[in-house]
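Using the sequences and the accompanying hints, generate a full structural model.
So you can see what is in the structure, the chains are spelled out below.
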Amino acid sequence: MIAAILRAQFLSMRWGRGKGSIWRFLPLTIWYLFWLASSVFAFVLAREADLASLRRDLPIGFLGVTVYWQFMPMLSASMGMGLDLRKLRIYPAVHRELFLVEVLLCFTTAVEMLLVIAGGVAGLLANQEAGGWAAAPRILVPALLLILFNALLASGTRSLLGRLLARRKIREVVILVTTCLWMLPRILVQYRIHPKWLGPVEQALRGPKFPWSAAAAAALGDFTPFLTLALWLLAALWFGRSQFERNLRYDAVAAQAMVVRKDASRRRGVGEAFFAFPRLLWRDPLAAIVEKELRSLVRTPRFRMVFVMGFTFGILVWLPVVLGGNGARTGGSGYFLVFVCIYALTMLGQVTYWNCFGFDRSATLFYFAAPQPISQVLIGKNIAAMVFVYLDVTILSAVVGTFHLTAGWGQVAETLMVVGICAVYLLGLGNMASVNYPRPLNPENVSRGGSSGRSQGLLLLFYPVALMPVFLAYLARWALKSELAFLAVLAIAAVIGCVVYWIGLDSAVIAARAKREQLFLALTQGEGPIASE
Amino acid sequence: MPEPAIVARDLRKGYGLKLAVDGLNLEVPRGSFFGFLGPNGAGKSTTIRMLTGLIPQDSGSIEILGYQLPQQELEIKRRIGLVPDESFLFDRLTGLEFLEFAGRMYGLPRATAVDRAHGLMHLFELADDGKIIGEYSKGMRKRVAMAAALIHHPDLFLMDEPFEGVDAVGARLMKDILLDQVRRGATIFLTSHVLEVVERLCDRVAIIDHGKIVMCGSMEELRAGGESLEDAFVRIVGADRQMERLDWL
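Chain order of the listed sequences is A and B. Under our numbering, the first sequence is numbered contiguously, ending at residue 533. Under our numbering, the second sequence is numbered contiguously, ending at residue 782.
Just so you know, these hints were derived from the structure itself, not from any lab. These numbers were taken from a predicted model, which means no experiment stands behind them. The beta-carbon is built from N, C-alpha and C at its ideal position, and this holds for glycine as well. Watch out, some of these pointers could steer you wrong.
Below, a list of computed lysine-lysine pairs in the DSSO-like style, where the Cα atoms sit at most 27 Å apart [stated by the list, open to error]:
no., chain 1, residue 1, chain 2, residue 2
1, A, Lys515, B, Lys551
2, B, Lys551, B, Lys745
3, A, Lys515, B, Lys664
4, B, Lys664, B, Lys708
5, B, Lys671, B, Lys708
Pairwise CB distance ranges (calculated) [stated by the list, open to error]:
no., chain 1, residue 1, chain 2, residue 2, range
6, A, Phe471, B, Arg542, 55 to 61 Å
7, A, Glu272, B, Gly750, 51 to 57 Å
8, A, Ala398, B, Gly549, 55 to 61 Å
9, B, Gly750, A, Arg513, 33 to 39 Å
10, B, Gly599, A, Asp506, 27 to 33 Å
This is the structure we're talking about:
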């Protein structure tokens with residue numbers, strides 16, 4: 001059964017290989033080089049530390065590993081690989097075997113942590129105070145048990161989240177709460193906030209009752225924590241298995257079904273005002289395309305998720321950086337609004353302009369069957385993307401203004417200009433990427449990546465190019481201490497941006513005509529029994 | 534005599550070494566209900582896609598309603614109603630919203646598009662209950678697709694398996710609507726594997742096999758020997774053979 005699943009997956013994936021693979025590996029290589037360096041760092045720390053330091057810091061290190069393993073997949077909106085149970089449910093598969101595959105696939109979400117643990121364990125083996133190579137079984141076994149515990153817990157969490165996130169409304173709240181929980185420790189440290197409850201919590205986390213501290217104590221020579229670790233392992237096994245079984249019986253379609261409300265017409269009336277505005281500004285078919293795009297995106301869970309993250313995550317990530325260690329403003333606080341707005345612009349790119357036909361999937365065919373040039377469709381989609389970008393910017397401006405983090409309306413106006421100019425470049429490049437590297441997106445799946453592997457590789461190149469003109473404008477302001485210089489460079493950047501946009505649009509239209517068959521094919525492709533998220 | 538609705542000359546389309554359509558010649562008279570038949574993989578969907586300009590032909594010429602493809606592509610698209618084999622519906626719109634959108638894309642004023650969308654929803658017995666198309670059943674999706682093909686009152690309909698997945702009531706409704714369209718002078722070009730449907734609706738038929746037209750004529754000509762359409766079809770595409778049996782089956 002396992003062999004059959006893996007073979008089917010391999011056969012499904014062979015069509016995905018090709019020219020795009022190099023581009024997919026570029027960002028991955030950079031990412032894993034970083035974690036390899038972290039692994040070396042963990043090795044050095046573990047090798048050089050004395051026993052007292054190890055007893056103090058190793059539980060915290062293992063806690064960090066556990067937190068990253070469990071939370072990072074949610075925050076990066078990438079849950080790794082997992083079985084697509086909708087496709088496998090019909091077969092008389094032994095659930096135990098399916099669960100085993102699911103747990104093994106959980107390792108794909110945390111290769112980084114495996115690297116760090118490997119580095120740390122190698123450091124312990126090289127550290128004579130920790131026992132050295134003579135204590136290899138004592139060091140290795142707890143580390144392996146902690147890895148297994150994390151894999152089982154991640155499997156259960158993934159199943160649970162899969163069901164929770166399938167429910168309308170709940171998914172946004174879940175991700176928002178998770179984001180806030182993830183950021184809470186950082187904010188506490190950054191602001192040097194020490195609430196009374198933090199001390200006991202910190203002590204408890206270091207205490208022997210938790211799997212990370214039990215694993216650390218066992219690795220350093222205590223034997224009683226093995227029992228604690230085994231109990232946690234059993235609990236994680238029960239959690240993972242029971243959640244997996246519930247997923248097997250889960251009816252996602254029923255959970256996603258929209259309840260027809262009695263007051264639906266009134267609710268629609270409120271939304272209609274928003275959807276109607278394109279009609280006031282443009283003629284059909286452009287107005288119809290923008291309107292369709294607004295309606296569709298608002299109802300797409302994956303888009304809504306990214307939209308919400310655009311203004312929440314941005315603030316949570318950048319606020320501590322800008323405010324500095326003691327909560328006072330740093331030199332960067334004057335650019336805070338610009339930072340978070342450009343961050344929101346890049347976040348939204350994954351679900352809008354980098355792969356603008358992704359959510360339409362096979363329905364993209366309609367655009368080619370309808371009697372209007374494809375350039376109108378791309379422009380319409382770009383306008384809709386910009387509506388949401390500026391909605392994020394408006395919300396961010398309001399939040400930032402509330403906390404008095406802007407220098408007033410002038411800075412808001414500057415942000416609007418800067419975001420607009422960056423967007424012009426990104427939209428021009430995005431149109432080309434959308435047509436050349438399309439990828440179907442599941443609108444219900446809030447955790448799947450937006451653009452294709454090749455396109456993601458190109459982003460490494462595109463973002464610096466797109467943001468460079470604005471960076472030069474700020475550089476001119478700083479170097480010449482002149483607002484005029486800043487505005488002049490911005491104006492030049494805007495003009496060049498318009499040229500880039502029209503060239504991008506033009507070449508996208510040419511590519512769309514020439515490659516329409518590949519476009520349809522790419523947007524209707526299915527997947528194998530293992531879904532990569 | 535009016536010019537034909539569709540004229541295809543020496544049409545070819547290949548995918549790698551395989552020729553999906555191999556020198557196809559076809560003429561569909563205006564006002565006819567034309568059945569385009571063929572076994573799986575014969576080239577039916579590829580032909581429809583070429584006729585609508587969705588994919589370019591490798592060689593050959595296409596003339597639709599007197600307009601040349603691809604030179605007058607937009608003129609052609611304005612005059613045809615398409616029901617493709619795969620879904621081209623936007624899942625996150627309601628049925629009503631999609632029909633209005635389709636109408637506006639075909640150049641109808643918004644008020645007219647809204648009005649017609651309501652009328653078509655009623656005609657196709659689709660409820661405006663705020664449900665998005667992603668939650669529709671396959672039959673309902675087909676009804677919406679056909680309604681969208683009708684909204685701009687086209688002169689030519691190109692339909693790829695329009696009755697697939699539709700229940701008997703829905704299929705009857707759709708057939709009645711299509712027959713009405715032919716009566717008013719529209720041309721319908723349809724593919725279907727349900728030969729009883731083709732036999733009952735179509736007045737002319739073409740059979741494609743291995744990318745070539747192997748038979749084209751009126752329904753009467755096809756059934757000249759007193760055969761049913763199914764018998765004639767099986768005979769023409771050479772599938773009239775003894776079924777092999779497997780020992781274990």
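Going down the list of hints, with the structure as the test:
The straight-line distance between the Cα atoms of Lys515 of chain A and Lys551 of chain B is roughly 19 Å, inside the 27 Å bound, and the hint therefore holds. Our distance criterion of 27 Å between C-alpha atoms is met by Lys551 of chain B and Lys745 of chain B, whose separation comes to about 13 Å. For the given pair, Lys515 of chain A sits about 34 Å from Lys664 of chain B by alpha-carbon distance, which is inconsistent with the 27 Å threshold. Between the alpha carbons of Lys664 of chain B and Lys708 of chain B the distance comes to roughly 25 Å, so the proposed pair stays at or under 27 Å and holds.
With a C-alpha separation of about 17 Å, the suggested pair Lys671 of chain B and Lys708 of chain B falls inside the 27 Å cut-off, and the hint holds. The beta-carbon spacing between Phe471 of chain A and Arg542 of chain B, approximately 57 Å, falls within the hinted interval of 55 to 61 Å. Between Glu272 of chain A and Gly750 of chain B, the C-beta spacing of about 53 Å keeps the proposed range 51 to 57 Å intact. As the Cβ distance of Ala398 of chain A to Gly549 of chain B is approximately 56 Å, the hint placing it in 55 to 61 Å holds.
Gly750 of chain B and Arg513 of chain A have their C-beta atoms about 36 Å apart, which keeps the hinted 33 to 39 Å range intact. The hinted range of 27 to 33 Å is satisfied by Gly599 of chain B and Asp506 of chain A, whose Cβ atoms lie roughly 31 Å apart.
Consistency with the previously given hints fails for number 3 only.
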